[in-house]
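Visitor: Chain A is already provided as a structure; the job is to place chain B on it using the hints.
2 protein chains.
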Amino acid sequence: MTDEVAVEPKSGKSSNHLAPGDVGIVVPHDFVYSHPFAFKSGQIIPGFTLRYETYGALNATRDNAILICHALSGDHHCAGWHKAEDRKPGWWNNIVGPGKAVDTNKFFVVCANVIGGCQGSTGPASIDPSTQKAYGIHFPFVTIADVVRSQKLLLEHLGVSELHAIMGGSMGGMTAVQFSIEFPAFVKRVLAMATTARESAQAIAFNEVGRQAIMQDPAWNQGDYPRDGGPRVGLAIARMMAHITYLSDTSMDRKFGRRRTTLQNQEGVPALDAPFEVESYLKHQGQSFINRFDANSYLTITRALDNFDLAQGYTSLEKAVACVQSECLIVGFESDWLFPPEQNREIALALLKCGKRASYAELATDLGHDSFLLESEELYAIVRSFLGRKTNATDFAI
Amino acid sequence: MTDEVAVEPKSGKSSNHLAPGDVGIVVPHDFVYSHPFAFKSGQIIPGFTLRYETYGALNATRDNAILICHALSGDHHCAGWHKAEDRKPGWWNNIVGPGKAVDTNKFFVVCANVIGGCQGSTGPASIDPSTQKAYGIHFPFVTIADVVRSQKLLLEHLGVSELHAIMGGSMGGMTAVQFSIEFPAFVKRVLAMATTARESAQAIAFNEVGRQAIMQDPAWNQGDYPRDGGPRVGLAIARMMAHITYLSDTSMDRKFGRRRTTLQNQEGVPALDAPFEVESYLKHQGQSFINRFDANSYLTITRALDNFDLAQGYTSLEKAVACVQSECLIVGFESDWLFPPEQNREIALALLKCGKRASYAELATDLGHDSFLLESEELYAIVRSFLGRKTNATDFAI
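Quick note, the sequences are listed as chains A and B, same order.
Just add 566 to the spot in the first sequence (first one is 1) and you have this note's numbering.
Just add 566 to the spot in the second sequence (first one is 1) and you have this note's numbering.
The following block holds chain A by itself, in its conformation from the complex (with noise of 0.2 Å):
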């Protein structure tokens, strides 16, 4: 996910913080479960905190509350503004607010930033309590099916009896239908998007050579690296690669087609370093992300979505979807290359030759992966009208 595309209010963020259509002024809260949690892959951790944010009121029926996941370079805070002079908002605050398509006068909105992250959950930058020292690689092995199980512990610590709806893209879209899989009965809606069954080996490719990058890097000193530093080096290149898996082909040549900068050495003769518009991009984007990201969290969470594949331990997609209770909703766009509609489609398809009312919409943006954050009124008007959609959880039961 991109850290650039959130979408600030048209008329200026300052005057906007408090308008309608804002949650306007956020603060992050702290989960603190105290007991032993137990990985996937078997290692425990004493206790775990998982930072979250919610928005809007959970009502007395405690049912109206929507659980929204992150992708993998994202966080807790989804909507609204921390402080007043914040450059951006939330990441998905286009959508999520009073009145607009997750709406916060109806639905009680929970984020949580994932286990195995940086910025406030418990991960491999935490404190390991047995040696006081941070975790660091001795991080478990994290599995989304261990993200949904952390955030489930969330919600019933909230009060939470049902998910009115999940939701979520990229990661957040795997880690949605996770949820549907682990907790059938708690979760009415799922709205996946911009997501796989499983990761591809184009994109575990991706992902290792960032990994790669990371722990090339003589600063990554096997993931025991001050908080402040590490490999700063590998992981900016880490992020620039991936960043360009986020975009289309078009969508680039659009924003920056050959455009160049004006860096030249003395002679006018263009400089090797930096030309293009697309490459200072590329490079503000990776050194901007090195100032809010944990290069170990970066490997914990891409090996999580590497080993991601729902049908794992089954003997088909089909089989894996089969417990399913929620109405589905997967939203594949058309310009993502990397988890390209096909993908999409196939969640879809597994749901639907098992019975579930599941459905699938295929947007034309040609924006790529990253099309799931940006403004679109018919996404909008797909998401508003799939959370106010009637659903009878019995129709399901198995």
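No wet-lab data here; the hints were simulated from the structure.
Some hints could be false.
One copy or any two copies: either way a pair holds, since identical chains are not told apart in the list.
[Said to hold, decoys possible] List of simulated lysine to aspartate or glutamate pairs, DMTMM-like, C-alpha gap at most 25 Å:
#  : residue 1 : residue 2
1  : K821      : E912
2  : K699      : E722
3  : K919      : D819
4  : K849      : D875
5  : K699      : D669
6  : K885      : D819
7  : K821      : D669
8  : K606      : E843
9  : K654      : E944
10 : K821      : D875
11 : K919      : D932
12 : K699      : E928
13 : K885      : E722
14 : K718      : E728
15 : K718      : E651
16 : K821      : D932
All values reported here derive from a predicted model rather than from experimental measurement.
Guide: Just chain B now, with coordinates in the frame of chain A:
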């Protein structure tokens, strides 16, 4: 271009060095040009060497020559074997040889390592006579037009009076089209595959990440490193990433899918560093590349690619190709997402708009950009018949 894809004779190489259809053991030659050579940038070197190979014989009228142009990581060794123990033949051995699509019984085939390269031709690793040290980053800024002009000098040296054809894929395709613009009357046929009239923002972006990986490696040292040292980590990362762009999602899924290596730690937990086969494959690609390629050459040649824009200096692509006198065939490959079919079609269209004898073929392979290197009877048939086609250059005189 991958170095794994050269198609070896099916019955095993050792018995095939002198088999029908194979050019057998070949010896590279050096063309030493001892006069000042001015690059398009205005920079001048006092002379240069091009390493090249030839297969077949120049006829009495000196008009049966075919110049083959290599891609980014290719070289002059496109057919045959250097010695009996070689693991692999030249990179286009499947298409060049006696009786093959590029028939060395009929044609005098020439292939040279590009200027700026590192396989024997003068490039950044060569000694600058004025300093007695390697040029390093002081090597002139290379463009595809410079590649063309240096190879034209080689052809004159070889006594070639006109090119029966010029052909190549990827950068080789760029070189072929550029050659027919620089020297219209000299080139009878152009066969350009898996190529583009200009690098797109996405292609530039991938190249830039590779360059950053190299230049951020401390061992790069501003391009000043020992011949057997240098930014091996950065170069391997660059190569791994680029390699993904030469394949297709489909071909990677077929070749590797989600198969895992057996690498696990003692507890049987998947280790962070290489559980998927595709990861090991990419690492191998990176490691084998650093043993044969110079990092400064990689910077130089990717810059030449990025700066490639046929229309630059003209008001349109049509204006740029208006001088072409060659019969042209452009071949795109359906699954090539680095230089996708539409970018190939665009070249043919511009030529057609100018009334040139141009054609376009699109092949339905699913092997990605590297399709032009792989076994394909369809491609062989197209190449063979195009090279055999009668042409009358006077038709095209402007």
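Visitor: Against each hint, give a clear statement of whether it holds in the structure.
Guide: Checked hints:
no. : hint        : result
1   : K821 x E912 : between (31 Å within a copy, 21 Å between copies)
2   : K699 x E722 : neither (30 Å within a copy, 69 Å between copies)
3   : K919 x D819 : between (39 Å within a copy, 24 Å between copies)
4   : K849 x D875 : between (32 Å within a copy, 23 Å between copies)
5   : K699 x D669 : neither (42 Å within a copy, 67 Å between copies)
6   : K885 x D819 : between (42 Å within a copy, 22 Å between copies)
7   : K821 x D669 : neither (31 Å within a copy, 45 Å between copies)
8   : K606 x E843 : between (44 Å within a copy, 22 Å between copies)
9   : K654 x E944 : within (23 Å within a copy, 53 Å between copies)
10  : K821 x D875 : between (34 Å within a copy, 18 Å between copies)
11  : K919 x D932 : neither (30 Å within a copy, 28 Å between copies)
12  : K699 x E928 : neither (47 Å within a copy, 58 Å between copies)
13  : K885 x E722 : neither (28 Å within a copy, 68 Å between copies)
14  : K718 x E728 : within (10 Å within a copy, 74 Å between copies)
15  : K718 x E651 : neither (33 Å within a copy, 61 Å between copies)
16  : K821 x D932 : within (12 Å within a copy, 29 Å between copies)
When held up to the earlier numbered hints, the structure conflicts with 2, 5, 7, 11, 12, 13, 15 and fits the remainder.
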